[in-house]
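J.: Given next are the chains, with one letter for each unit.
Protein chains: 2
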Amino acid sequence: MTINNPYFDQNVLVTGGAGFIGSNLSRRLVDLGANVTIVDSLIPDYGGNIFNLQGYEKKLSLNIADIRDPYSMNYLVQGKKFLFNLAGQISHTDSMKNPYVDLEINVTSQLSILEACRIYNPDIRIIFASTRQIYGIPQYLPVNEQHPIRPVDVNGINKYTAEQYFLLYNRIYNIAVTVLRLTNVFGPRMRIKDARQTFIGWWIRQIIDGQKLKIFGDGLQLRDFNYIDDVVEALLTVGTNYKAFGNTYNLGSNPISLKDLAELMIKINGFGNYELEPFPPERKVIDIGSFFADYSKIKSELFWEPKTDLKIGLEETILYYRKYLEYYL
Amino acid sequence: MTINNPYFDQNVLVTGGAGFIGSNLSRRLVDLGANVTIVDSLIPDYGGNIFNLQGYEKKLSLNIADIRDPYSMNYLVQGKKFLFNLAGQISHTDSMKNPYVDLEINVTSQLSILEACRIYNPDIRIIFASTRQIYGIPQYLPVNEQHPIRPVDVNGINKYTAEQYFLLYNRIYNIAVTVLRLTNVFGPRMRIKDARQTFIGWWIRQIIDGQKLKIFGDGLQLRDFNYIDDVVEALLTVGTNYKAFGNTYNLGSNPISLKDLAELMIKINGFGNYELEPFPPERKVIDIGSFFADYSKIKSELFWEPKTDLKIGLEETILYYRKYLEYYL
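Line by line, the protein sequences give chains L and F. Everything in the first sequence is counted per my numbering, starting at -4 for the first residue and increasing by one. Everything in the second sequence is counted per my numbering, starting at -4 for the first residue and increasing by one.
I should point out that these hints are in silico values taken from the structure, not numbers from a laboratory. Fair warning: this is a prediction, and the values are worked out from it, not measured in the lab. Be aware that a few hints might be false.
Identical copies go unnamed one by one, so any copy, or any two together, can satisfy a pair.
[To be verified] Each computed DMTMM-like pair below joins lysine to aspartate or glutamate, with the alpha-carbon atoms no more than 25 Å apart:
| id | residue 1 | residue 2 |
| --- | --- | --- |
| 1 | Lys92 | Glu110 |
| 2 | Lys76 | Asp61 |
| 3 | Lys188 | Glu52 |
| 4 | Lys92 | Asp118 |
Take these sequences, add in the hints, and give me the full structure.
T.: What follows is the structure, encoded as structure tokens:
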């Protein structure tokens, strides 16, 4: 994008902006000349990491606040042209262990963000990050946006509830909202401390540490992965395209089996191994089998498609964590 | 039912038990020999009315508590065989004016009721009252349980979220849950103070008061109405039928246009009139046009069908409010 890019000198609010996707987006927005305000609670183990903003600390405004605090949000949405709403509780297992926290963050807070926008800044453009988890067990593949919504965990139910709020506020109050349903996203600045949020972050950590990767089941289940730069591009694209307002889009990529993914990672890493093991019961009940999304809607309407080869993305990611591992332990 | 009926001497908890449906159900359960505990907050204007329990005060236990209070519910679910979970915020317009309250009552509290059951009484049988409102604008008629879920207001989104929680806890924790999606219910003990919750309650009040009924739109929109006794029968039926566990059922009846309904009510009442008027904007945005539900699933699986003729139901209702109007003002 040139200096005439639509984000230049625009005020942009990014919730969860110290997290994985939020920090990568915020850095890119700063590079594009936007005036970025980050809202992040930096709750330990939720994904926010001050190191993610390294080198950009003075180029953006970091506002430590919890989106569960409606008063802060009432103030912070004012004067902003864009809201990239990425803050969320994203652990499926956590959502079963503590469904209230998931509800507060993924539903109640989203409603208060919408109310803040409705009352204080109805002209704001909102991009809401949702998840493939809402679809549940695929009834067909690839899963398009018309697929039945059958979440298999509290997290999926709650994320879908928030989606519906955003689209309702679009229909009723004419607030410019777009919902992006993300699939597995990976890349620099993701959380790699454990498997609570994503297994791929945990695999990256294990492979760097020389530990054996564990695959639940037969390893033949398919997943799709988007490299972070492609997801940032998708967010920026929908943010400024009026066709996207009031719409919901899947992201996605070519699927790969977990076994093949493990082998690819081991090859890139230069060493490592993996083993298959039975599902633990608490994961089996919320497992969805093979999944990959149909992203033809965003491709045909907004001309987005993933550009980063999986191998290159993984190389970049492993390189990053070899270099900065200490900040993600 | 005989003395060998499945509710005889059983401990039954009814949330919202001083409200319209809850009180009629509770009275019937007492008649069947059940040990009924009612939970009701008796919040003014929510539908709970102590007069609804008249004559039964000493035959049941009335526990004043708000379902938003998780500590009370943790205690109250213990030792119960059945939970008829009827408490809710049911005003569509209120849900848009104060979405937080709707969320607290219809989502957060439902989750805490489920958690209470999971932890303290996982063998309880739960019957959850949901609403046709979750379907939104019908894409076809009659609307069956497979119809897409497209709620047009916060209330519909929230009720569907709760449904999903109940069915998830059935699948994951094996709690015996049934969801009933109610359509327009009418009869003695309903709230008739204003149009906030149901228009038919308000019409009954107006016709008794000799006021002109107002129909929004052309009056040709169809609706289906269930008389309260039929709904109580449906609740009792699903509660004890193992086939119903984990399932969702519509209730319903033969549809009638609002214009024909108004004319029928005026005829029964002996006097009155009505007029058509344009939709107020705040109602137009959440109006769903014609609606009537397909109740063939519950009919074929559990042999329930509505038995009360609309005319007879309306006669009973108008008679009741002529007699007891002062308690419902």
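J.: Which of the listed hints are not met by the structure?
T.: When the structure is compared with the hints, none of them turns out to be violated.
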